[in-house]
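**Student:** All chains, full assembly: derive it from the sequences and hints.
In the numbering used here, the protein residues as written are 1 to 488.
In short, the hints are calculated from the structure, not lab data.
Be careful, since some hints might not be right.
Cβ-Cβ distance ranges computed for the label pairs, FRET-style [unchecked claim]: (1) Asn332 with Lys309: 28 to 34 Å; (2) Gly295 with Arg488: 34 to 40 Å; (3) Ser291 with Val485: 27 to 33 Å; (4) Lys418 with Thr261: 19 to 25 Å; (5) Arg441 with Thr409: 15 to 21 Å; (6) Arg161 with Thr121: 27 to 33 Å; (7) Gly478 with Ser269: 51 to 57 Å; (8) Asp371 with Gly295: 17 to 23 Å; (9) Ala209 with Ser269: 50 to 56 Å.
The calculated lysine to any residue pairs, modelled on SDA-like cross-linking and capped at a C-alpha distance of 20 Å, are [claimed, not checked]: (10) Lys482 with Phe442; (11) Lys461 with Asp371; (12) Lys297 with Asp371; (13) Lys446 with Thr483.
Note that the Cβ used here is the ideal one computed from N, Cα and C, for glycine as well.
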Amino acid sequence: MHPGGDSSPSLSGPAVGPVPYQYQPIEPLAVAYASPDIPTSPVPWPIRGPVFLGPPPPAPPKKKRRGWVWLALGLMAGTAIMSPAWVDRLGAHPASMRAVQKPTPTPPPTPAVVTRPGDRTADRARELHRLLNLVAADQARALLAKDEAAFLGPAAVPAARSALQRRYRNLVALHVSRLELAADWPVVDAATGRWKSGLRYQFCFVATACTPDSVTEPAVWEDTEAGPRLVSLALPKPSADDWFGWVQPWEVSDLQALVGTRTVVATTSALKGRLPGLLAEAEKAAVVADSFATGTKPDVYRIYLAGSKEWRSWHGGSVASWAAGVTRPIGNTHNDVVVNSSSAPSGYLDDLLRHEMTHAATIHGQHWWQDNWWLLEGIAELAEHPDALTATQGSAETRRYIRNSWKRTLPGEDPPAKASLSTVAAQYGIAYLAVKRLDSRFGREKLLDFYDRVTEQGKDKGDASSAVFGLTWVEVEGDLIKTIVAFR
Numbered sequence: 001m002h003p004g005g006d007s008s009p010s011l012s013g014p015a016v017g018p019v020p021y022q023y024q025p026i027e028p029l030a031v032a033y034a035s036p037d038i039p040t041s042p043v044p045w046p047i048r049g050p051v052f053l054g055p056p057p058p059a060p061p062k063k064k065r066r067g068w069v070w071l072a073l074g075l076m077a078g079t080a081i082m083s084p085a086w087v088d089r090l091g092a093h094p095a096s097m098r099a100v101q102k103p104t105p106t107p108p109p110t111p112a113v114v115t116r117p118g119d120r121t122a123d124r125a126r127e128l129h130r131l132l133n134l135v136a137a138d139q140a141r142a143l144l145a146k147d148e149a150a151f152l153g154p155a156a157v158p159a160a161r162s163a164l165q166r167r168y169r170n171l172v173a174l175h176v177s178r179l180e181l182a183a184d185w186p187v188v189d190a191a192t193g194r195w196k197s198g199l200r201y202q203f204c205f206v207a208t209a210c211t212p213d214s215v216t217e218p219a220v221w222e223d224t225e226a227g228p229r230l231v232s233l234a235l236p237k238p239s240a241d242d243w244f245g246w247v248q249p250w251e252v253s254d255l256q257a258l259v260g261t262r263t264v265v266a267t268t269s270a271l272k273g274r275l276p277g278l279l280a281e282a283e284k285a286a287v288v289a290d291s292f293a294t295g296t297k298p299d300v301y302r303i304y305l306a307g308s309k310e311w312r313s314w315h316g317g318s319v320a321s322w323a324a325g326v327t328r329p330i331g332n333t334h335n336d337v338v339v340n341s342s343s344a345p346s347g348y349l350d351d352l353l354r355h356e357m358t359h360a361a362t363i364h365g366q367h368w369w370q371d372n373w374w375l376l377e378g379i380a381e382l383a384e385h386p387d388a389l390t391a392t393q394g395s396a397e398t399r400r401y402i403r404n405s406w407k408r409t410l411p412g413e414d415p416p417a418k419a420s421l422s423t424v425a426a427q428y429g430i431a432y433l434a435v436k437r438l439d440s441r442f443g444r445e446k447l448l449d450f451y452d453r454v455t456e457q458g459k460d461k462g463d464a465s466s467a468v469f470g471l472t473w474v475e476v477e478g479d480l481i482k483t484i485v486a487f488r
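**Tutor:** Shown next as structure tokens:
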């Protein structure tokens, strides 16, 4: 987060003109479920915390049964010699010597159960699930082909049509490059006879060679003779422990967007006048963020400029009062950068974007954030102001904090949500000083290697320090503390 700033959720050049949209259709998501007993909802996202994976246990040693093997081979050979096919290949034989194989009758197929709209049986749920996925696949093709009428076709009521229209227009504006829609298993509402089924979006923007992100919206459908008709479409409701699947800006607000070489920027109609400047600064910040990227660089950086209402609702809201920007992981390969317009005047936008977009380049989905706040934020601070901690970056607040309040430990957690701006600035300053020291002492390559091992791979700092720096973590941390103390 960026103070006054940022953070990944606490588990949580010259300006470039817009690039013309090039439609490249994809194959729709194939969905085929044979039984209501087979789960159809996506696997719940893991709760926060490390997931440990290991090699499978070794298979038990096979017992030697050579006697049985020879017996089986003898039986198989006898069967092969006596089969009609081999007899025919050996030429004509007397009928008394010809092997006779009785025909095995094939039972007739079980007739399909015929269901009709209004039925509330498991068989009807199975048929409706098939129909819903046909509708969803048609809608995905329609949106990629920019056929708005076809995309809105399943709407049964004006509210559903309005919800679909918002999604259609926003996704087109954001240059959606890949879209797959699929319906979860439907469950009938006994009171209304309508069917509830989550509608799953898998989507990418701008880039076609991408790993799609996913969000599921609760939907209600009517089962009619003309096919399923959409009655309502609600916003996602992930649990507090979910990393991904939170409300996307394109689901809840009407957006305007511009696309550059490395970025796509979007905002509401009220703030659309800031889009050209936002795009220009984002393109410049992308060069810096790319230089810090660990692993694969983002295919495109996604930046949203939020008004006060949107700041409280996009991605579930719940951002610290002191934050001016936040980076939200929305999948294993993408992050959304959200900028609070009221805390980010144009003169401050370049610093803030370098900070937040470096988070987007160095965080890949779930990561080890506990006790690593200083490292996560220090990297972003180094990208924001690589040379020194100046007065505009909180140098005075940091010195005062070091002299009066600091416990000589590296901050492992976010500042409290209602912390004062001076306290927040000081803790970000300490994070910067620590990472700046690692960068100047060991070099950028080793810094990023250490960062990746600790935050992305979940390695112990001691193991990572020995492997990367050739020193114990006690030695390295002690040097960081001394460097910070000297700054006061």
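**Student:** Please go over all the hints and tell whether each is borne out by the structure.
**Tutor:** Consistency of the hints with the structure:
| no. | hint | result |
| --- | --- | --- |
| 1 | Asn332 with Lys309: 28 to 34 Å | holds, 30 Å |
| 2 | Gly295 with Arg488: 34 to 40 Å | holds, 36 Å |
| 3 | Ser291 with Val485: 27 to 33 Å | holds, 30 Å |
| 4 | Lys418 with Thr261: 19 to 25 Å | violated, 39 Å |
| 5 | Arg441 with Thr409: 15 to 21 Å | holds, 20 Å |
| 6 | Arg161 with Thr121: 27 to 33 Å | holds, 30 Å |
| 7 | Gly478 with Ser269: 51 to 57 Å | holds, 54 Å |
| 8 | Asp371 with Gly295: 17 to 23 Å | holds, 22 Å |
| 9 | Ala209 with Ser269: 50 to 56 Å | violated, 32 Å |
| 10 | Lys482 with Phe442 | holds, 16 Å |
| 11 | Lys461 with Asp371 | holds, 10 Å |
| 12 | Lys297 with Asp371 | violated, 25 Å |
| 13 | Lys446 with Thr483 | holds, 19 Å |
The structure shown violates the earlier hints numbered 4, 9, 12.
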